[in-house]
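Single-letter residue listing:
There are 2 protein chains.
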Amino acid sequence: VTTAVLGVGLSRFGRHPDRDLCALAWEALSRALEDAGPGPVDAVYVGTVLGPSGVGPRVARACGLAGIPVLTVETACASGTTALFEAHEAVRLGRYRRVVALGLEQMSTAFAGAIHPEESDPEGRAGLALPALYALAASRYQDTGAVTAEQLAAVAVKNRANGLLSGAPYGGSYSRGEILGSRMIADPLTLLQCCPTADGAAAAVVGPWDGTPEQVPIRGIASGTGGAWDHRSAHVWGFDLVRRVSRRAYAAAGLDDVADLDVAEVHDAFTIGEIVTLEALGLAEEGEGGKLAETGETALGGKVPVNPSGGLLARGHPLGATGLAQVAEIVNQLRGRCGARQVEGARLGLVETMGGGVSGIDGNACVVAVLGS
Amino acid sequence: VTTAVLGVGLSRFGRHPDRDLCALAWEALSRALEDAGPGPVDAVYVGTVLGPSGVGPRVARACGLAGIPVLTVETACASGTTALFEAHEAVRLGRYRRVVALGLEQMSTAFAGAIHPEESDPEGRAGLALPALYALAASRYQDTGAVTAEQLAAVAVKNRANGLLSGAPYGGSYSRGEILGSRMIADPLTLLQCCPTADGAAAAVVGPWDGTPEQVPIRGIASGTGGAWDHRSAHVWGFDLVRRVSRRAYAAAGLDDVADLDVAEVHDAFTIGEIVTLEALGLAEEGEGGKLAETGETALGGKVPVNPSGGLLARGHPLGATGLAQVAEIVNQLRGRCGARQVEGARLGLVETMGGGVSGIDGNACVVAVLGS
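So the sequences go chain by chain: A and B.
For the first sequence, position 198 matches number 198 in my numbering, and the numbering has no gaps at all.
For the second sequence, position 195 matches number 195 in my numbering, and the numbering has no gaps at all.
Honestly, the hints are just simulated from the structure, not real lab data.
Be aware that one or more of the hints could be misleading.
As the list claims (entries may be wrong) - Among chain B residues calculated to face chain A with C-beta under 7 Å, some are:
1) Val1
2) Val49
3) Pro52
4) Pro57
5) Val73
6) Glu74
7) Ile115
8) His116
9) Glu118
10) Pro217
11) Gly220
12) Ser223
As the structure is a computational prediction, the values presented were derived from the model and not from experiment.
Backbone N, C-alpha and C define an ideal beta-carbon position, used for all residues, glycine too.
The task is simple: from the sequences and hints, build the whole structure.
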């Protein structure tokens, strides 16, 4: 069975400490179900990192989906796209017919500021929280001449500007100077180069593809975990995992040439993340990823627009919701529904999500999907 | 494909705040892999409730299982058997060939005493923590004459005595008077009628059944969530869900008569839980479950021994590990490996796990499996 995304929906994103998690989920889920059109839902996969135990069935029930199998899955920041992957596999294998993938997170009620490392997390205790981990990659890229501060800033300028068009809560019109002049978080990453924590939910309905124009086939999808960083690797954190998983997704999609991709949403938790990821995906040569935003190749109107939604930098990063928000953007791009930020004639899109793991760099997960036909 | 449990393994259970979660996992996993015999592992499903984000890949990597898909699943106290269910489905559908289901929890480092309700949990804030929820069921059963204090105590006497035979950390030889005389937790449930929180890990290796005697086929398994309690129901909390899910498991197993079951491990988080569950499973008539432990029917040597391992009452309840510890007991009973607590001639066994949900009664999950041939 070829699977397709039948419908997508997003809640409002941003800081909503006063909203119940079930209400955020309902915003996303009701829109996705309406978008997909009528039909019974057979199962729900819920992706969340911080959601309390039992949140999946609780949210599903609040949304009127009681009594069907509800499974909460967690792969750190990739939890949302992992829910999509599981939904896809369930439909592909005939286990279920119509499945909801729902990602959600309410971070504003959990803590303020950066995510604190777990007590049991040796990397976190050593200071290797996620901003530091990405900063190490950025420093190394700067040291080898693979990226400049201006190029890092260009990613934030592009994504925050895209976010203005998509109505993302942290979108804005910034100069590179303003990006670089914002408060230093982890050298060389300044505040505006870091995605904000946020609240939000996103959903996708997956079912067998019947060729209806508004359905977007999942042409290939792959998931991988573990072993993302190895001091013996020639690459920075995350590169090897993204490369390995993306090649499996390309093979599953029968994608011979990444130049066929028209648009991509990738995990820009930090500016350097987008750059390293584009290289790992093969959308740039190694050491050349820094030039893409600077030259406009990845801007709207460029060769391959990347993060037309504004990405995590503009949308914020409600962990479990992020992957499905990326999926929603690509699905709507391929349907031509994106208005001012529409990538003209987009037929093939890519989603990539990277899960760092609050509990350390070993807890890595990556999902890559090629959508469209 | 008919699936089978190829091997099982348990870590030590009890209080182990000094042990790393990965070390506990390794104890269980290495034993299960050795028990299953050689063969590559294609994927890992990790069941945990309190494990930090990213714990699945981290633990798998620490155990030498890097680079393969690792998915952390959560359905409250049923997370371990949910991992088994997902492993079974993956093998049945040909998605993977050999899959590990791993359950783990380290509760002693997270808190002392009872599990605290989440801030967002309305039932918990109202005082309906799990002991109170079960106490309501016990009170109602007492009120309608369906159970006596002596009958409740008889469950604890039996299971803690069985635990002595299995080496369970909270096993012991108690009189009914000692059970009833222990500290009151939630009237009428006294301390010795409540399962202790604990640390531990348990694992099962699942693959296609090839008829080898040491393999135990998964004859039927079902999972359900949501809608476990409804004030309009004629039954107490959990009854309807267990009944519904068990009937699906029986149908999947082609089990026409529950009298064919030789042994069962059920979710005795509190004494009343075992009683209500046996009625919901059909192993007792409604209102008759209280008599089974008192008359010895569910004792070792009785008609259908229940919780020969000592159950949650004697083993403690490391949430995610519990379901797979139940599976390990039934698998070894069906192999005739249980020594002093062996149920003679056991051919067909049942596992039932009930997930309450720290975040409220809506977050309910139940898994029922019929093992054996």
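Against the earlier hints, flag every one the structure doesn't satisfy and list their numbers going up. 1, 7, 8, 10 and 11
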